[in-house]
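Novice: Each chain, written out:
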Amino acid sequence: MAKILVVADIKQGELKSSTAELLSKARAIGAETAVVAVGSNMSSLTPDLVNAGSDTQYMADDPGLELFSAGPFASCVVDAAKQFNANLIWFGFSESGKAAAPRVAAQLEAACATEITDVVIDGEQIEIVRPAIANKVMQRVKVNTGQLVAVVRAGAFEAADGVTGTENIVTLSPPPSDLKAVIKELVSDASGEIDLADADIVISIGRGAKDQAGVDLVKELANDLNAGFGSSRAMVDGGFMAHNKQVGQTGKIVAPSLYMAIGISGAIQHLAGMNGSKVILAVNKDPEAPIFNVADYGIVGDLFEVVPILREEIKKVRS
Amino acid sequence: MKILTTVKKVVDVELTIRIADGAIVEDGLQYVINAWDENAVEASVQLKENNGAETTLVSIGGGDNTDIIRKCYAMGIENGIHIEDPALEKADSSIYAKVLQKVYEKGDYDLVITGKQAQDTDSGQTGIMLAEYLGLPCVSNVIAIEVIDEQHVKVSRLGDAGTERVELELPAVVTVSDSINEPRLPAMRGVMMAKKKKIEVMDLAALGTSPEEVGGGAPKSEVVEFMASKTRQSGQKFEGNAADITTRVVDLLVNEAKVL
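Chains as they are written, first to last, in the working numbering: chain H, 1 to 319; chain V, 1 to 260.
Incorrect hints may have been included.
Within a straight-line C-alpha distance of at most 16 Å, the following computed EDC-like cross-link-like pairs (lysine to aspartate or glutamate) qualify [said to hold, decoys possible]:
#1 H:Lys315 - V:Glu167
#2 H:Lys3 - H:Glu32
#3 H:Lys184 - V:Glu167
Please keep in mind that the hints were generated in silico from the structure rather than gathered at the bench.
The following block holds chain H by itself, in its conformation from the complex (with noise of 0.2 Å):
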């Protein structure tokens, strides 16, 4: 049987739901579970471990984990999958997943792959089906290695209803601290901002909302639908939008329910990181736009003009 370790996702304190649907994938395959959990001040989380699916908790609280180095949080990785002799070891899709990702499988010699989508295993052979050349193409890969270090696409695997684990806690030893990738400051996202890679909504501006009036109409939208507030790379190279809310291959990749391109032509770049999108509401002065390719309802017109009447609209719907 497949031993599959999941690495916890966790951000400013809480369970990401990653974790739950990386999870609830290697129960559905009929491999035995475990996380690893690595941070600082954890003990209220063990609950939500459980209750996300796994049979074993590897542990690695310590406060010198509070703030993400990559030595270290790779360190806690390898020894948990040391101890639970994992096959397969799976990270959400985070910076933190990517930048451990390569760190533990070269620690394990194991074989390692971003992005996956899929994976089918048969008996001791692991293949697994991933996305390249900016989404252009999907690539089944054969591991030629018993073990297998991924990192999990966002919204690739979907958590089952009714699944849940048992305790069984194993406390990890805190690895050294990394003396010479010494992080000094962490500049946060602004708290209470919505997470992109969490939210049921998304919408995102491009270079038509213009200005700064431009991103305050849409913000609007964005609030009323409690909806995470995303950018093209026009905004963000403009000024007007942050880096962390940067939507695309190079940003943030989202999976929501539904994804409003707002004032967004449309470059690949931006489509590889939102085509996983359930439902795609696009809004445009430009017809011939590529975004509108990609688009499930299209709205041609300017966004100064249409998404007021959207708010309004949404308003009496929902009231």
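Start from chain H and add chain V according to the hints.
Specialist: Chain V alone, transformed into the frame defined by chain H:
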């Protein structure tokens, strides 16, 4: 400071990619420098200009890489190494990293700068694995590099919780995001000078290693099939009176798509 930058020649992602019989159809493809590596080159050249560094690039595989290496020369890179060996045809990230390890060990570098991923595989592993094999500190997804002194740089990285500022002891490896800079367009004079510059071409033996040592014959993973992506179909597009079509679309989002 001696800087090593890696550049990969990759398929141009802007063009249509066709698949037949589980493989990419070569006909009609064009190959370009990996965009993230272009950011790495720009970052290296800026460090050279602002802090005085010696810049070297290395490119692995890709056949005739003269064009992309000359482009980097024209941007301001001083030395170029091209590693070409039939044993690297099926190389995975780990093998690339082991070859880079050999290049690094020959050169006594202080800083390695790579793009955070290559556009053909979108894997994002090689630079990080290189650091791991070398036992060097590494920060990925970097958006700023600042030299503190001969032994230290401070980098900013886009992490999950915000921007992380990390002080790195050199030698070190960083992988850069495209947010770090806007690569320059080479000036005509640079382009002319680049044509005269030498490119050092080596196979694995010349590099002082062998296919076995870098794992060339036994990739840890290999692509067995390419498939077309599930392409989204374009749906319903509405033009006309803004109020009418917006009202109609909201109705569809509520009653047809059921997402509002």
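Novice: Taking the numbered hints from earlier one at a time, note which ones the structure violates and give those numbers from smallest to largest.
Specialist: Checked against the structure, the only hint that fails is number 1, while the rest are satisfied.
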